[in-house]
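Undergrad: So you can see what is in the structure, the chains are spelled out below.
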Amino acid sequence: MKTVTAGPAEWPASAGLEGELIKLSAFFLRSWRMSRRNAFTLFEIVFWPVVNLLSVGLLITFLRAEPSTVVFVLVGTFALSTVQVCQLDVAYAALFDMWSRSIKHQLVAPIRPWHLVLGSWLMGLVRGTAVFTLQAVVTYWVFGVSVVAHGLTPAIALLVGLLLSAAAVGLLVCTLLMVFGLRAEMSAWSGVSLVLLVCGVYYPVSLLPVPLQVIAAGVPLTHFLEAFRANLGYAPVFTTPLLRGYGLAVLYVAGGYALFAWAIHRARRTGMLLKLSD
Amino acid sequence: MNHVTTTESAVEVRDLHKTFRTGWPRPRLQPALRGVSFTVPRGAIFGVLGPNGAGKTTLLSILATLLVPDRGEARVLGLDVARDAHRIRQRINLSSGSASFLWSLSAQEILDVAARSYGLPARVRRPRVAALLEQFELTAHTRVPYNELSTGLKQRLALAKAFVNEPELLILDEPTVGLDPDISVRIREQIAELRRARRMTILLSTHYMREAEQLCDEVVFLRAGQILAGGDPDTLKREVLLGDRVELVVEGEGWRGLSELPGVLSCSSAEGRVQVVVDDARKRVPEIFRHLDERGVPVTDVTVTEPTLESVFIELAR
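If you're matching them up, the sequences are chains A and B in order.
With the working numbering as the guide, the letters of the first sequence map in order to residues 1 to 278.
With the working numbering as the guide, the letters of the second sequence map in order to residues 279 to 596.
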């Protein structure tokens, strides 16, 4: 046994912004290191998105669609993959600790819920952007259509919207996990599918019956896709789609965060935090 | 608002209650703590003892701010666990026998993430992580993924992680549960050494009486969410009226008057051996010998046994 030295006064923690950023970095680095060592990361960011893109792309080519229709459908496909990958990273904020049963050892530290989700979301930005870029390259290389044909700005606006949407979905998944435990794990894999039908991933929202259009209006992804597709000549059903999309996404992220913070407090009250640790 | 109170106690608990609700749609109530009160002086190793399901983990979890109490008051380092939880977390840490960490991270990475969670800058974090790896003899395993470490190494890593923020109060929940005896001994030595070196307050839950006896300055016995007894181990043994056991081998019936002597709690005989339970063997054995000598009763053998916390526990659990 080695002699233990040093006391609290020697090494104080950083206060203010520096301290907050260091806490944030804990969760970004944690996700980065876990991701780097996990062979399935390649499946998440390369295999499944590309296989999905190629399947849908080949189908739409077989149906002899116009080039603008090919882009219409493929953009929907890789929007969905980008949201799925990025929201998974946010969900990992809770899932990693639950799978390893270490959540109480994590939450005994003086961290706020936003350190946890923002740090994990930053990793989602990296992986989501990688998936988006990879799919854009494959789309151009295999199908000869470019998502930046109408400029870089619409593509970036779409990507930012997708990453914000992913944060909202991820926060909802984290909340469900914190309330119901690992019984809600499926929501991490299927959460995005809930909006698949209504937000016009593969078809214009105008095809939907009016009641479903009302629901679609409440989903940010609908508006981000409409805004991008407007450049391809598809008139949006809803006015000022980008503004609506960002407005809704920010609202959902704020609401999702409030719910997640409540769920952590509830877990401390009900003992769920202990159940998830032992 | 400043909730800090000037106090010499590291922990003050008053009438603490916690009930869990399990099941749906008709929740079943499971009382875990029922009016627990005690005080832990600064710098002490304080043991929370009791059988499984006694409420030890619930109590420690409330003090670690992982659980919110239903009723009563708990103050840690002068701060209220309900209102000042975030500030308490800066100054405490927790390690448990069942601790687990992310399976792919190495020992060094686990400590690094933990240190970052406390906002430690690189100039502090790096030397501290390196020092902890060395102090807990993990240097040779720095880059080994967590799921490839042995149970003993995992336990040492859990303890090392609890020191990243140099806590004023360390909460150890069953730190040696499920470990081989040799590893348990090493962990206990490490806990004792840590207290000596850093003069920190340690709150320790265990159902190993020997561990409590070896390490703790004070203990409380919990059963079914209530404190049955508390105090320093030596006093407690006497308070529960177990006393010291004096076994004598004597001839004849001259021993019968022993029960009348002061300090003798009970006296019985079987197969030529007389069992005398006294409040303090050091004081009473000479008086017993004098009494027997005056009556001409020869003593051919004598054995004195002090009670253990284990026997106190068995007595209390009856």
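I should point out that these hints are in silico values taken from the structure, not numbers from a laboratory.
Check each hint, because a few of them may be wrong.
Unchecked claim - Ranges of calculated distance between the beta carbons of each label pair, as one might list FRET restraints:
| id | chain 1 | residue 1 | chain 2 | residue 2 | range |
| --- | --- | --- | --- | --- | --- |
| 1 | B | Arg-304 | A | Arg-183 | 38 to 48 Å |
| 2 | B | Arg-401 | A | Thr-270 | 15 to 25 Å |
| 3 | A | Leu-243 | B | Pro-423 | 45 to 55 Å |
| 4 | B | Leu-307 | A | Gly-255 | 27 to 37 Å |
| 5 | B | Asn-330 | A | Thr-41 | 17 to 27 Å |
| 6 | B | Leu-307 | A | Arg-183 | 15 to 25 Å |
| 7 | B | Thr-417 | A | Leu-243 | 39 to 49 Å |
For clarity, every value in this text was computed on a predicted model and none was experimentally measured.
Where is the CB? At the ideal position from N, CA and C, for every residue including glycine.
Undergrad: State for each hint whether it applies.
TA: Here's how the hints hold up against the structure:
1. Our hint of 38 to 48 Å for B:Arg-304 and A:Arg-183 is violated, since their Cβ atoms are close to 19 Å apart.
2. Hint check: B:Arg-401 to A:Thr-270, Cβ distance near 40 Å, so the stated range 15 to 25 Å is violated.
3. Against the hinted window of 45 to 55 Å, the Cβ-Cβ separation of A:Leu-243 and B:Pro-423 comes to about 47 Å, which satisfies the hint.
4. Here the CB-CB span from B:Leu-307 to A:Gly-255 is close to 32 Å, well matched to the stated 27 to 37 Å.
5. The supplied range of 17 to 27 Å is broken by B:Asn-330 and A:Thr-41, whose beta-carbon atoms lie about 40 Å from each other.
6. The supplied range of 15 to 25 Å is met by B:Leu-307 and A:Arg-183, whose beta-carbon atoms lie about 22 Å from each other.
7. Against the hinted window of 39 to 49 Å, the Cβ-Cβ separation of B:Thr-417 and A:Leu-243 comes to about 56 Å, which falls outside the hint.
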